Amino acid sequence: MDKTQSTGIAVKNRQGFALLVTLSVLSVIIALTMVLLSYFDEVKKDSSNTKALIQADIYYTNITNIFQGFKDKKTLFSVLYNSSLPLSTENGRFSLVLQCDPLYKGVNVNWLGLENNSKKTALYNVAQELFEMLAQEYDIEDAGRLQEMLMEEIGMKNRSVEKEQSRLHQKNGIISYQQFTDLVSRYQFEVDDPKIGSVPWKSYFSFSPRAEKIDAEYSSPELIAYLFNLDLATVKEWTSSIEKVSLEDFVRVNGGDYAQRKTVLAGETFLEAAECLVGYTLEEEQYKFRFEYIEGGAKHFEFYGKQ
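Number 239 in my numbering belongs to position 232 of the sequence shown; there are no gaps in the numbering.
Hints are supplied without guarantee of correctness; some may be wrong.
[Unchecked claim] Here are the computed lysine to aspartate or glutamate pairs in the DMTMM-like style, where the Cα-Cα straight-line distance is at most 20 Å:
no.	residue 1	residue 2
1	Lys295	Glu309
2	Lys220	Glu159
3	Lys243	Asp264
4	Lys81	Glu275
5	Lys81	Asp264
6	Lys81	Glu279
7	Lys306	Asp108
[Stated by the list, open to error] Simulated restraints, written as ranges between beta carbons of each label pair:
no.	residue 1	residue 2	range
8	Lys251	Asn69	33 to 39 Å
9	Pro207	Gln75	32 to 38 Å
10	Lys251	Ser91	18 to 24 Å
11	Ser192	Asn123	36 to 42 Å
12	Gly151	Asn69	46 to 52 Å
Keep in mind the hints are simulated off the structure, nothing from the lab. Just so it is clear, the structure is predicted and the values come from calculations on it, not from any experiment. All C-beta atoms in this analysis are idealised placements derived from N, C-alpha and C, irrespective of residue type, glycine included.
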């Protein structure tokens, strides 16, 4: 049996948020580490794709069970959003890295489909204005056609989705960045628009139909600067600070109008919605899977196979 060890917490190169390391968070990370390490012997017996999928399911189940058992989700995910959790065997033949990102940190692209919903006008307006800004800023060739395709995808009309990919979709809406990029690729092929590839969609939008607020505390500097009409360099300086004032105070001090956007922001409310990616090496082969963890439930597991 190979001896195993945890390499600790590796801080991601992210701008923004102070690590909130507490004894309770350390205890859950230690618990997670011990559970995962207990499976190392079984994993390294067989590196076939089928065995790797079985092991991915084991990791998925145990990680989400630990998430569910941890009461202080805000503290837990504040750490995971800023840190990756790496594990490895001493001989380097097996390693695993868990990393998570806030699922609702952008403007929900599905809000573009709320034009006729009078109760959600504010959500539609912020999404539509952002789309128009990006279309102009990046000189999209046929923004009208792209938006038409988005409406078809959000409304489930004329879908061009392979059967084997149907698990990526719910009854309505865009539920993953992969689904969105597939649509953009179809647009690029149809319109022959080379400029579409330069648009940093993920810096501005999120891709989950359930999101009804923006988790702006975790938003990109680009989105924060756009939402509050602030200087991007100033926002980047704030997001990179270890100790910083709240977003609301920062916006006010720098002349922005926080109240104007307040109805679409989560504010001090913690949104329990994360997208997690697990990468692991098994007998010199690399595998990945992802899942979403929303309000105590895990869903949308995707196994990517060998990388």
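Hint check results:
Between the alpha carbons of Lys295 and Glu309 the distance comes to roughly 9 Å, so the proposed pair stays at or under 20 Å and holds. Of the pairs offered as hints, the one joining Lys220 and Glu159 is violated, with about 23 Å between alpha carbons and a cut-off of 20 Å exceeded. With a C-alpha separation of about 18 Å, the suggested pairing of Lys243 with Asp264 holds against the 20 Å cut-off. Only pairs whose Cα atoms come within 20 Å are accepted, and Lys81 paired with Glu275 is accepted, the gap being roughly 11 Å.
Among the hinted pairs, Lys81 with Asp264 is inconsistent with the structure: their alpha-carbon atoms are about 26 Å apart, more than 20 Å. A hinted pair counts as satisfied when its Cα atoms are at most 20 Å apart, and Lys81 with Glu279 qualifies at roughly 7 Å. The straight-line distance between the Cα atoms of Lys306 and Asp108 is roughly 15 Å, inside the 20 Å bound, and the hint therefore holds. Range check, Lys251 to Asn69: about 35 Å between beta-carbon atoms, so the 33 to 39 Å window is met.
Checked against the given bound of 32 to 38 Å, the beta carbons of Pro207 and Gln75, roughly 34 Å apart, stay inside it. Checked against the hint of 18 to 24 Å, the pair Lys251 and Ser91 passes, with Cβ atoms roughly 22 Å apart. Checked against the hint of 36 to 42 Å, the pair Ser192 and Asn123 fails, with Cβ atoms roughly 28 Å apart. As the Cβ distance of Gly151 to Asn69 is approximately 48 Å, the hint placing it in 46 to 52 Å holds.
The earlier numbered hints that this structure contradicts are 2, 5 and 11.
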